[in-house]
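So the sequences go chain by chain: A and B. Taking full-length UniProt numbering, the leading residue of the first sequence gets 1, the next gets one more, and so forth. Taking full-length UniProt numbering, the leading residue of the second sequence gets 1, the next gets one more, and so forth.
Copies of the same chain are indistinguishable here, so a pair counts whether it falls within one copy or spans any two.
List of simulated lysine to any residue pairs, SDA-like, C-alpha gap at most 25 Å:
1) K133 x G181
2) K133 x R176
3) K133 x P173
4) K55 x H27
5) K133 x T185
6) K133 x G166
7) K55 x R128
Everything labelled a hint here was simulated from the structure, so no lab data went into it. Values in this document were obtained by computation on a predicted structure and should not be read as measured data.
For reference, the chains in residue letters:
Number of protein chains: 2
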Amino acid sequence: MARTAGSDGERTEAAIREAAVDLIARHGYEAVTMRQLAARVGVQPAALYRYFPTKEELLFTLMRAHMEALLGAWNDARPSSGDAAERLSAFVANHIAFHIERRSQTHVSNMELRSLSPERLTIILRLRTSYEKELRAILREGAESGVFDIDDIGLTAMAIIQMITGVIVWFRPDERLSVEGVTRTYLSMTMRLVGASTKREIHHVQAGTRLRA
Amino acid sequence: MARTAGSDGERTEAAIREAAVDLIARHGYEAVTMRQLAARVGVQPAALYRYFPTKEELLFTLMRAHMEALLGAWNDARPSSGDAAERLSAFVANHIAFHIERRSQTHVSNMELRSLSPERLTIILRLRTSYEKELRAILREGAESGVFDIDDIGLTAMAIIQMITGVIVWFRPDERLSVEGVTRTYLSMTMRLVGASTKREIHHVQAGTRLRA
Numbered sequence: 001m002a003r004t005a006g007s008d009g010e011r012t013e014a015a016i017r018e019a020a021v022d023l024i025a026r027h028g029y030e031a032v033t034m035r036q037l038a039a040r041v042g043v044q045p046a047a048l049y050r051y052f053p054t055k056e057e058l059l060f061t062l063m064r065a066h067m068e069a070l071l072g073a074w075n076d077a078r079p080s081s082g083d084a085a086e087r088l089s090a091f092v093a094n095h096i097a098f099h100i101e102r103r104s105q106t107h108v109s110n111m112e113l114r115s116l117s118p119e120r121l122t123i124i125l126r127l128r129t130s131y132e133k134e135l136r137a138i139l140r141e142g143a144e145s146g147v148f149d150i151d152d153i154g155l156t157a158m159a160i161i162q163m164i165t166g167v168i169v170w171f172r173p174d175e176r177l178s179v180e181g182v183t184r185t186y187l188s189m190t191m192r193l194v195g196a197s198t199k200r201e202i203h204h205v206q207a208g209t210r211l212r213a
Numbered sequence: 001m002a003r004t005a006g007s008d009g010e011r012t013e014a015a016i017r018e019a020a021v022d023l024i025a026r027h028g029y030e031a032v033t034m035r036q037l038a039a040r041v042g043v044q045p046a047a048l049y050r051y052f053p054t055k056e057e058l059l060f061t062l063m064r065a066h067m068e069a070l071l072g073a074w075n076d077a078r079p080s081s082g083d084a085a086e087r088l089s090a091f092v093a094n095h096i097a098f099h100i101e102r103r104s105q106t107h108v109s110n111m112e113l114r115s116l117s118p119e120r121l122t123i124i125l126r127l128r129t130s131y132e133k134e135l136r137a138i139l140r141e142g143a144e145s146g147v148f149d150i151d152d153i154g155l156t157a158m159a160i161i162q163m164i165t166g167v168i169v170w171f172r173p174d175e176r177l178s179v180e181g182v183t184r185t186y187l188s189m190t191m192r193l194v195g196a197s198t199k200r201e202i203h204h205v206q207a208g209t210r211l212r213a
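Could you put together the complete structure from these sequences and hints?
See below:
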């Protein structure tokens, strides 16, 4: 059976997006040209513009897809029951697993906010805020129910996100540490950071690790 | 008295470095040209090359100066006496104060490792390792003396550095928070992370804050 135009189109679009993430992560958004990208994908520059009318539209699509995938992954990983410590463990385990699999996308998303027009930047920042709100809600619930002991919900949320996103800067899974091992240690550090008790910590670190096994 | 050529030269070099940090932080290293940089500084392109024979030499100079300044600032801030908790407080307070004053330099230093040739990258990574070693030594000493309770010295050091460097991503001192307030909260979170006792924590958070007052 002949392949449909639709499926060819989807494959081409996926190839463009993948090549764009690689090139932008390596050279920076401004330095990458649509011509260079077309050559990498093996299509004519004119073909690119059928999928992405402008280079900024392409960047925006990549950044929005990254944040929507992160929100989607958390939606799937979020425990339907359990207390704040269990939900926090699931949040941290999901965040680390998601970002370790998407190093280049994460670099592009973090570095190239500078390259978005104000309206598009607003949309991306709104998605980021939705995600951060999920973490703040967990921290607030835990603090209110006495599971956690937290001074400042907002700063603690930012500290946790920076700490666990930072894993991708230095961690390579083929070194002395496995993804599971790193996740376990970061879960333990997160539980300390939010003032969860040691017994609780050990219980939930194990629960969180199972989510990723 | 006429200004000496040397002092003019120093001013020009400082102007080039400052403009380069701004342009690279905004556009990315590859997208910035020596011509664009010369125009920003108000000199002929040929004049730039007297100071920096290549664009990569300029980037390397900026990144090396950033790390040497950080090591120098820590050398000045390091307490001559006191236990591991006091030294850790001083380390965190110095790190936050240093990076908040150097947002663009920090972005360039973190983003553009990708743009260095292998030999120059090795030199920068060696400076980073020297700095991280200082933190690991504090954590190790604290763990050995029972002041801290730490699972993994190396991962905890990376977690702390990512967490406290992350302040510059979201924090603007003109918002609801002062540099002192943010530093105080981050010191408190750091002390939790390393398993320091609450009493100790409060004492050393105050000691650390005074360092920056």
